[in-house]
Every structure is written in structure tokens, then in C-alpha cells.
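> Just so it is clear: in the sequence shown, position 28 is 28 by this note's numbering, and no numbers are missing.
Be aware that one or more of the hints could be misleading.
Only pairs whose alpha carbons sit at most 16 angstroms apart, straight line, appear in this in silico EDC-like list of lysine to aspartate or glutamate [claimed, not checked]:
#: 1; residue 1: Lys-136; residue 2: Glu-67
#: 2; residue 1: Lys-132; residue 2: Asp-20
#: 3; residue 1: Lys-132; residue 2: Asp-100
#: 4; residue 1: Lys-136; residue 2: Asp-120
#: 5; residue 1: Lys-56; residue 2: Asp-111
These aren't lab readings, by the way, just hints derived from the structure by calculation.
Since the structure is predicted, the reported quantities are computational estimates derived from the model, not experimental observations.
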Amino acid sequence: MPAFKNPTPTVDCIVELPRDRIVLIRRKNPPLGWALPGGFVDEGETLHAACVREVKEETGLEVDLSEQFFTYSDPRRDPRKHTLSTVYIGWAEGEPTGSDDAAEARAFSVDALPDELCFDHGTILSDYVTYKRTGKRRKI
Numbered sequence: 001m002p003a004f005k006n007p008t009p010t011v012d013c014i015v016e017l018p019r020d021r022i023v024l025i026r027r028k029n030p031p032l033g034w035a036l037p038g039g040f041v042d043e044g045e046t047l048h049a050a051c052v053r054e055v056k057e058e059t060g061l062e063v064d065l066s067e068q069f070f071t072y073s074d075p076r077r078d079p080r081k082h083t084l085s086t087v088y089i090g091w092a093e094g095e096p097t098g099s100d101d102a103a104e105a106r107a108f109s110v111d112a113l114p115d116e117l118c119f120d121h122g123t124i125l126s127d128y129v130t131y132k133r134t135g136k137r138r139k140i
């Protein structure tokens, strides 16, 4: 009987900071580039707890999650393997500092994001900007 291969669950967080900024990390490991803070969900961990943990590990920020935004599941979203990511929106105060597998963490205006975004994070951030400006979410 063949073994089932299921997508791996991950989380990402759009961390809002004062002055209409969001936090991105520059990845230390491939795929290289800028990304939302996030990562793999550990066995026995809730999505919410994984998201808070990953933000803390990669940015040093204590995030308060305000809403679950969307789940992205395109099999091509991560070149390493099929993942599905539940994306949260949260807020924090302070300035991010990169640690763990983040070489750097910085706050950006949504109107001045870097071009080198990893995974499908350009799509996620485009959806977020549309949502913030119009109140409309991505259609399923």
C-alpha cells in the first residue's frame, strides 16, 4: 500500500507596526530573499502558537494576532516541497531584529517593499494591501 504524502503545514505573519509599516525578514537559508516571518508548525502545536513562536524567533517581537487572513496552498508556493501556509495578521511594537534563520529583520512601508520576495509572499502582500484598502479578501 503506498504511503500518503500530505502538504506540510506552515504559518506566516503580516506583522503591523506603528506608522503603517510591516515586518519582513531576509532569509539566511535558501530560498534567499525577503519573506514574511513564519515557518513550520511543530507536532503538537496549534497554528496560532506556531505563528507567535516563529515571529518571536525571527524578529524578537511579541506579536498579538488579530485575525487569520487566508490559507495559501498552491503546490508551487515553496520550491523545497508542497506546503500550505495559514497567514495571520498581527501587530507589535518596537523594532525587529533578525535572529534564528533570519539574517535580518526590518520594517517596511507597504508602498516601499523590496523586490526580492520569496515563496508567494508577493501575492500574499498584494492581497493584504487590497484587503486593507478595500476590505475585500481574496476570492476562493
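> Checked against the structure, which of the hints given earlier come out wrong?
Going through the list in order, the structure violates hints 3, 4 and 5 and respects the others.
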